[in-house]
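Read top to bottom, the protein sequences are chains X and S. Quick note: to get my numbering, add 86 to the position in the first sequence (first position is 1). Quick note: to get my numbering, add 1063 to the position in the second sequence (first position is 1).
There's no promise every hint is true.
Straight line, CA to CA, 20 Å or less: simulated SDA-like cross-link-like pairs of lysine to any residue [claimed, not checked]:
| no. | chain 1 | residue 1 | chain 2 | residue 2 |
| --- | --- | --- | --- | --- |
| 1 | S | 1353 | X | 756 |
| 2 | X | 384 | S | 1338 |
| 3 | S | 1326 | X | 395 |
| 4 | S | 1353 | X | 555 |
| 5 | S | 1353 | X | 392 |
| 6 | S | 1353 | X | 621 |
| 7 | S | 1353 | X | 498 |
| 8 | S | 1353 | X | 496 |
| 9 | S | 1267 | X | 391 |
| 10 | X | 384 | S | 1267 |
| 11 | S | 1359 | X | 369 |
| 12 | S | 1353 | X | 650 |
| 13 | S | 1359 | X | 392 |
| 14 | S | 1359 | X | 302 |
| 15 | S | 1353 | X | 305 |
| 16 | X | 384 | S | 1333 |
| 17 | S | 1353 | X | 564 |
| 18 | S | 1267 | X | 392 |
| 19 | S | 1326 | X | 386 |
| 20 | S | 1353 | X | 438 |
| 21 | X | 384 | S | 1315 |
| 22 | X | 384 | S | 1306 |
| 23 | X | 384 | S | 1335 |
| 24 | S | 1267 | X | 390 |
| 25 | S | 1353 | X | 521 |
| 26 | X | 371 | S | 1306 |
| 27 | S | 1353 | X | 103 |
| 28 | X | 384 | S | 1295 |
| 29 | S | 1353 | X | 391 |
| 30 | X | 384 | S | 1365 |
| 31 | S | 1359 | X | 386 |
Since the hints were made in silico from the structure, they are not lab data. Quick caveat: nothing in here was measured; it's all calculated off a predicted structure.
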Amino acid sequence: MRAVSPDRMGVVNRDGVDVAYEVYDREGPTLLFVPPAPITHSRIFKGQVPFLSRHYRLVAMDGRGNGRSGRPTQAASHTRAQNLADMVAVMDATETEQAVVVAHCHANWWAVELAASYPDRVRALVAIEPGVPYLGRSQPHWVEANERWEEVLEDPQGWELCNRHAMVTRHRDWVEFFFGQQLVEAHSTKQWEDAVGWALQSTGEVLVAGEEGPDRDAPTKEEFEGLCRSLGVPVLVIHGDQDVCQHVDRGRAFAELTGGELVVMEGSGHLALGRDPVKVNRAIKDFVDRVVEVPSMKSQTWTRALDRRKKALYISSPIGLGHARRDLAIAQELKAFQPDLEIEWLAQHPVTTVLERAGETIHPASRWLASESGHIASEASGHDLHCFQALRSMDEILLANFMIFQEVLEEGNHDLVLGDEAWDIDHFWHENPELKQGSHVWMTDFVGYLPMPEGGEREAYLTADYNAEMIEHIARFPRIRDRAIFVGNPDDIYPEVFGPQLPKIRDWTEDHFDFSGYITGFTPPSPDEAEAWRAEVGFGEDEKVCVVTVGGSGVGRDLLEKVIAAYPLAKEEVPELRMIAVAGPRIEPESLPTHPGLEVHGYVDRLYRHLSVCDLAVVQGGLTTTMELTAGNRPFLYFPLRNHFEQNFHVRHRLDQYGAGRHMAYAETSVDDLATAIGDEIGRKVNYSPVETDGAARAARMIAELI
Amino acid sequence: MRARQPDSTGRIDCDGVEIYYEVHGDEGPTILLLPTWLIIHSRFWKLQIPYLARHFRVVTYDSPGNGLSDRPLEPEAHGVYAHLRYTEAVLDETGTDSAVLVGLSQGGQFGVSFAAERPERVDGLVGIGAAVAVLLTGPSERGKYIMEHFEDPYPPRPPSALRTGGRDDRGDWAKYNRKYWLDDLEDFGWFFFGHCFPEAHSTKQIEDCVGWTLETTGEILGAEWDAPNGDIETYRNWASAVECPVLLIHGTDDYIVPIDYAKELARLTGADLVTMEGSGHIPLARDPVKVNRLIKDFVDRVAAPMVGSS
């Protein structure tokens, strides 16, 4: 799922070729994003658009040859003049009188032509890794490739693929090689997959035409340098010093000729906008504010240090509802230690529902957050959620939300940042350590991405790469996590390594975390209380109650349907059976089949009470619900979502430590099997290892030391 | 020892009154750190100059009556009209076409009037605890009290409790009195700067200011009281005429110039207002880091050329 969607999309047909654009309508100056077509399209700016569209009006175009634009294969359709006219046409079609042009690589050549030909329409230029002709130094591999451009090569390799024949016959090899070269930064798998994917939306023929077109009407060196010298608009050049496509000296020369500012990103390659988006975003905003906005700092208040109230910002992961309750429990314990501590929550649906009910303060910027739970739901299908890939493809949402978080923090001067699996904060602070402020507490209930067998070698490589980056982050910047709390105990840690040549997860976690024990967020009832609870939630003395719940994400429809299908069979076996199915906020209860004695509810207030006194529960493999059942000593059947590494490895291992629950694989369980299992398990006396009830207080004590 | 010595200093003869000025640094746009009420002199900028001079060219001058300037006793040598001449003379003498002006308290009056009268020479204006605001809406209750009692006979008052770590009560504004100044200016200084710094733990800032007070006399301060000044309408016209970007920095606990006056000045000049919660009248001494960064940020935006690499 995208982090933000455009307010409108359109296409302007120019000279027989469609040129596509997207508009994000806001007050304020317009930024026109121009990608280097046809090798890529406007999605290359996916890290910039969500953040900048909160501050400015944006128009993002697909250059001819990729994205939603046409695919002309003639070189004559890809000349400098054609690309220039496209930009003007998009500005006209979107009623953009004037824009700050943000261009990447060779789109900067066209941007220069635009500013020179239409000086009134360009307010400023942000030139990212400018691929302008003649200036500075050319990379030698381009020069060599140019010399053999027309030749038919036998089995070309590497840069030889940059050849008018090879680009057509070995298109994928070329783009994979090309972007592999560009992403010089370690741990860039996602950026590489993205870039290759966008490139493959075009074709080799289009790419060749795109290479040859601009040569047809190229200016001379003197002409082009003259254009740069007399450009007359403020210029910001952002250039990685390891750029393999455009040598950093080219960016330097361009900045010098245009009188522009230069931000050199050391260690960055050609795709810094994707690989270090936080820095690039902030550099762009800082520049635009200075050159376009009325010089104003807006009125603000600064409070003397000793006059400040103690303030915490709590970020509770919205993936699943489980975090909300344990975070509330921690917050309440924390207030007992620090009565004058003010806690603000940066949270999104469905966590906000729980927080609002508890009377907590939700920061108003929460409304801007892109939906993580919506993304996860969109990645699920049937009883299947590829959790690791879903987290990977959530990259732009995590970035968009991090940028919001950072602004909130810089304005609010919070003393403490509490992140319960707030992946965005932990990751981007390690990537941009200069932005960290306040004490930071990282909390999680699992450590380590693990590959699912179906993912094969590639997934094993990817999970190890992600784990390695995390380990390197923490080794290099131990100051980013002032406290890391594992919600659980050392025995809960999955007995595996992080990957080949990487440490054992347990050893590393014991070295880098404190352990709070498990946090249920409530105390299970004593046997006496259980009687009262049963009466309270309306369970009859002679009934055997089976509660079926699938969480709040909408992923659970398949499981619900299968359990409901098993109900009549189970009822035959267990006549006292009463089944209560909880569909959650995203599944319409009316859309499910009905049977006598079966109740289907959309939402059940404080469901943990029902779970604590039921005779059997049927659930997915999520940690929160299964651990509530474990704490309450209830028999339960659990079905981890297929391809969900956390549920299949981490949660299952933890439940095994408690001897809790009966694991079942959804795909291998028939309706008959399920009915039999319900009959076998319902009302069975179980005796799990006890779950501690002081976890929240222990966590709160660890946190309180920091403020 | 000073953290930074001036790169050049000089004295300018303005109609027989010699004004002492300093120049620090020679790169970038110029900031003129204006004098304030002559009860203190340009050393009150001591926490700004070393930092700002690394980024900008910084010019300061002393009001006549304190520091290294002359000690004239004629009222015409003091006040806002005299400072219009002094400010221009300092800019001329230091070869400064235009500058960002920064003024504390009464320095805000000098800044607003100069920005209105010589717009071509002012790139921007920063007012900290700017006292010009008091003159926009007429005198406050305390202002009226002072005006009524300034020429009263010597008012016997207990010595300021500030010297012994205490606080003075409001009634001590009776010490704002010509004869009291002549008799015990130091005690007035303790009282006055105690009110300027309501922030806890401000002993050093108060001692500094009282020390600078001792470099002038009650007689000179009395002459300054007699100096010609603009009326409400003059100041409203000046404030409305300011066209350059303006930043106001003002403490919520400013007992000398309550922050409501700054809001009115912000409205008239179109200024941005930075509210310093918990700060008194002189945050540039008590919270210098924040104030320094605000000034630099402002100058970068209104006057600095676009340069920079990282």
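Checklist entry - What hint numbers does the structure not satisfy? => result Numbers 1, 3, 4, 6, 10, 12, 13, 14, 15, 17, 20, 26, 27, 28, in rising order.
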